[in-house]
Amino acid sequence: NAGVTQTPKFQVLKTGQSMTLQCAQDMNHEYMSWYRQDPGMGLRLIHYSVGAGITDQGEVPNGYNVSRSTTEDFPLRLLSAAPSQTSVYFCASSTTTVLGTGGGDGYTFGSGTRLTVV
Amino acid sequence: GDSVTQMEGPVTLSEEAFLTINCTYTATGYPSLFWYVQYPGEGLQLLLKATKADDKGSNKGFEATYRKETTSFHLEKGSVQVSDSAVYFCALTDYNQGGKLIFGQGTELSVKP
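Chains A and P supply the protein sequences, listed in that same order. In terms of my numbering, the first sequence is residues 1 to 118. In terms of my numbering, the second sequence is residues 1 to 113.
These are computed hints drawn from the structure, not numbers from a lab. Just so it is clear, CB atoms sit at the ideal spot from N, CA and C, and this is done for glycine as well. Mixed in with the good hints there might be a few duds.
Unchecked claim - Stretches of chain A that chain P covers, calculated by requiring three or more beta carbons in the stretch to come under 8 Å of a beta carbon on chain P:
1) 38-44
2) 82-96
Stated by the list, open to error - A few chain P residues facing chain A, derived, Cβ under 8 Å:
3) Phe34
4) Leu44
5) Leu46
6) Lys49
7) Ala53
8) Gly99
9) Lys100
10) Leu101
11) Phe103
Said to hold, decoys possible - SDA-like, lysine to any residue: derived pairs with alpha carbons at most 20 Å apart:
12) P/Lys52 with A/Thr97
13) A/Lys9 with P/Lys52
14) P/Lys56 with A/Gly106
15) A/Lys9 with P/Lys56
16) A/Lys9 with P/Tyr39
17) P/Lys60 with A/Thr108
Using the sequences provided together with the hints, build the complete structure.
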């Protein structure tokens, strides 16, 4: 089925380890983004991209890196995991508006990655 | 900056009760407004949206009206079911601010038989 695919679904890391959360979409969406969900705080934007080769920071970018080499993929890298990065991570994609911004027809979300850093 | 505020949960209702979840927003431009729903263990699904003032979004018996004068987008349903138990998120996208999706903190709804 078309949509946003995130892998892995669950991950446990030790403090200081690095890893990459994968996100792929097959809807030819230009706009892709990463959010983290924490209890009582809703979802907060980490990084986003309006197209291949273009990325920008969101509300909480520290400790995370992204790149966008293709339209389909938008991986999120944790450089040195910390317990504060324990969270559920969601990838979301959308078409772009005539202004070149996200949210053209609403966003499609992946099913999430639950990350625990010990 | 832009922000969204939702009523705090959890909200517990009996089946067939009337539901209201309040949502207010702050935005410098003219945002589009959304309600997303998250069922246990799943990602977020778009429930409904409204793109301009006085628009009413509706889906699966849920409704919300974009009220610019009160900067509100309250979610309502006339008769809830057990299957409506989920977390509901109000959100906005301001296309003049990059189109980023900004969420409220979420409201957990539990419907008892």
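Check the structure against each numbered hint from earlier and tell me which ones fail, lowest number first. Of the numbered hints, 7, 13 and 15 do not hold.
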